[in-house]
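Colleague: Here's the letter readout for the chains.
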Amino acid sequence: MSSKVDDKVEIASLSYRITHTLNLIFILILIITGLILLALPWFAWIVYPFGVPLATLAGLSPETGAITAGVQFARLLHRMIGILWGVTIIVYASYVVLTGRVMLFDTLRKPLREQLREANALVKAYVFGSEIPMDIKRGIGRHNVLASYLTLLLIFGVLMVSLSGVAIVYLSLTPEQHRLMLLIHDIGFYIIMIFLVGHLFAVFHPKNVILLNAMFGDGKVPLEWAKDEMPAYIEKLRKA
Amino acid sequence: MVKMKFPDMNEGVAVVVDLDKCIGCRACQIACQEWNGRTPIKTQFSPTFTNPQRLEANAWKVVFFKELQATKRIALQEAQATLETVEVVPVPYNCLHCVEAPCAKACPVGAIKASPEGAIVIEASECIGCGYCLAACPYDVPRRGSDGKYYKCTFCVDRIQAKLEPACVSVCPTEVFTFTSMSEAVKIAEKVKEDGRKVYGLSLDSYVGGRVRWIFVASKDKADRVFPAMFPEIPRNSNIIREYLNNIGLPGLGLLSLIALAILVLSWIRAKRASKH
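Chains A and B supply the protein sequences, listed in that same order.
To convert a position in the first sequence, counted from 1, into our numbering, add 30.
Mapping of the second sequence onto our numbering: position 265 corresponds to residue 263, and the numbering continues sequentially without gaps.
Just so you know, the hints here were simulated from the structure itself, not pulled from any lab data.
Glycine is no exception: its CB is placed at the ideal position from the N, C-alpha and C atoms.
Please note that the accuracy of each hint is not assured.
As the list claims (entries may be wrong) - Far from chain B, some chain A residues (derived; all Cβ distances over 10 angstroms):
1. Leu67
2. Tyr78
3. Arg139
4. Glu206
5. Phe234
Claimed, not checked - Straight-line distance between alpha carbons at most 27 angstroms, and here's what the computed DSS-like set of lysine-lysine pairs gives:
6. B/Lys274 with A/Lys38
7. B/Lys270 with A/Lys167
8. A/Lys257 with B/Lys111
Stated by the list, open to error - Derived coverage of chain A by chain B (criterion: at least 3 residues anywhere in the stretch with Cβ under 8 angstroms from a Cβ of chain B; other residues may be distant):
9. 93 to 104
10. 155 to 163
11. 175 to 181
12. 215 to 221
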């Protein structure tokens, strides 16, 4: 996953970038189709562009059948993409766990007081543009403490939506169980959305544009930048 | 969640169901199937008279036979005998047609409509079979048919609009059902209360609009044992939480995104200025 090449250092392997891109596509489709099912009055405008042609194809009146056909299509797509997303996550998670490549939670081994100091300094840096004190900066690895906690949030949300989703689609539930699963699915969705807002904020922040380019490019960042932003990670690579 | 316009709770039609008059003949159940062209369901052997065991896509009205433990006192000439026995109480049951039906609000495609009379009707051609109506219904009424769509009692809205009573009402030999306007039904129910009997359906949670259009009345003893078993007083908690969650969650997410966007814009402006310097 990581190898120093000339003046660049790899921060995202090919498998990571492929999985990330697949995740991006799947989550985007799942969010759009999910929002349609969750709150149609707000998101009906998304349905019409494909609902009208689908209704015509199905022999329904485009005026009255657009919503029926469009939402049905969104519901089926939501289920199919949900399965594909689940398979992608299971395959990639198994790969990184079995090959010992999980680095996301390294920072959580630090004492809680240090974690809080780091989080505080990061929030000030990202929101107010303050400088991160050198003693804190030296301890930042490939992923900072905020990224690690956001990822924990994501894992929690993904578990909630995937388990409840599987139960809704594949298990024969009583109405009461069905209600509970829908509630868990909704809560999981909001948790994932909170992660996404945080994630998108971080990657579009001027401090991290280089990371964004690397993720959708060759997976490498300039060494000098990495030394400044993730010194503990570079130190770890150097020792390795 | 779909925003719907329901008739006012004091407008439209209603039915008062007097359980004390029901003899469990099931004429209403048969009339419902016959009028609505539902395929008959084969009777299955079971420990109760109830057949089928629950509402089905082809059984929109079912008479449930509630078996209650009862103590009967027989006055003899020189003594009094007390017998422990079982009392079978027939309860003709169908969609209660909530004044603000949660099923209609939950349907993501708006396939469940409220007629001007207050009948809550699933438009089968628009149903996508998601089951959100069943999940939202506090009485577990809508049922999935073999075609994947959901079905339930229509209040015989076709008959009502042709100035006829619902099929089940018209055949009852003991006049269990009083089909009338909502305002009149409320008056009947109030009178029943004054007579010391009990009423279900008038003062309910706002989740169902505070009232249902099938109002059940029964003697106190019967009501105390039948109503809790048949009708939940508190709506489904998970549904209430979902409603609150989505009312707060989506605007909250929008707000959070806007704040994040504003901070991002400021950060970029700051970064540009810093690079100029």
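Colleague: Mind checking the alpha carbons of A/Lys257 and B/Lys111 for me, to see if they're no more than 27 angstroms apart?
Modeller: The hint is violated at about 63 angstroms.
Colleague: Confirm or reject: A/Arg139 is not an interface residue toward chain B, with every Cβ-Cβ distance exceeding 10 angstroms.
Modeller: holds (29 angstroms)
Colleague: How does the coverage statement for the region 155 to 163 of chain A fare against chain B, requiring three or more residues with Cβ below 8 angstroms from a Cβ of that chain?
Modeller: holds (count 3)
Colleague: If we take the beta carbon of A/Tyr78, is the closest beta carbon in chain B still more than 10 angstroms away?
Modeller: Per Cβ check, A/Tyr78 is outside 10 angstroms of chain B; nearest 13 angstroms; holds.
Colleague: Report holds or violated for chain B covering the region 215 to 221 of chain A, Cβ cut-off 8 angstroms, minimum 3 residues.
Modeller: holds (count 3)
Colleague: Far enough from chain B: is every CB of that chain over 10 angstroms from the CB of A/Glu206?
Modeller: violated (7 angstroms)
Colleague: Examine the region 93 to 104 of chain A for residues whose CB is less than 8 angstroms from any CB of chain B, and state whether their number is three or more.
Modeller: With 6 residues close enough to chain B, the hint holds.
Colleague: With a C-beta cutoff of 8 angstroms, work out whether three or more residues of the region 175 to 181 of chain A approach chain B closely enough for the coverage to hold.
Modeller: violated (count 0)
Colleague: Looking at A/Leu67 again, its CB stays over 10 angstroms from all of chain B?
Modeller: violated (5 angstroms)
Colleague: Would you say A/Phe234 is clear of chain B, with no C-beta pair closer than or equal to 10 angstroms?
Modeller: violated (6 angstroms)
Colleague: With a cut-off of 27 angstroms on the C-alpha distance, tell me whether B/Lys270 and A/Lys167 pass.
Modeller: Holds - the C-alpha atoms of A/Lys167 and B/Lys270 are around 23 angstroms apart, at most 27 angstroms.
Colleague: Holds or violated: are the alpha carbons of B/Lys274 and A/Lys38 at most 27 angstroms from each other?
Modeller: Holds, at about 26 angstroms.
The structure fails hints 1, 4, 5, 8, 11 (numbered hints given earlier, in ascending order).
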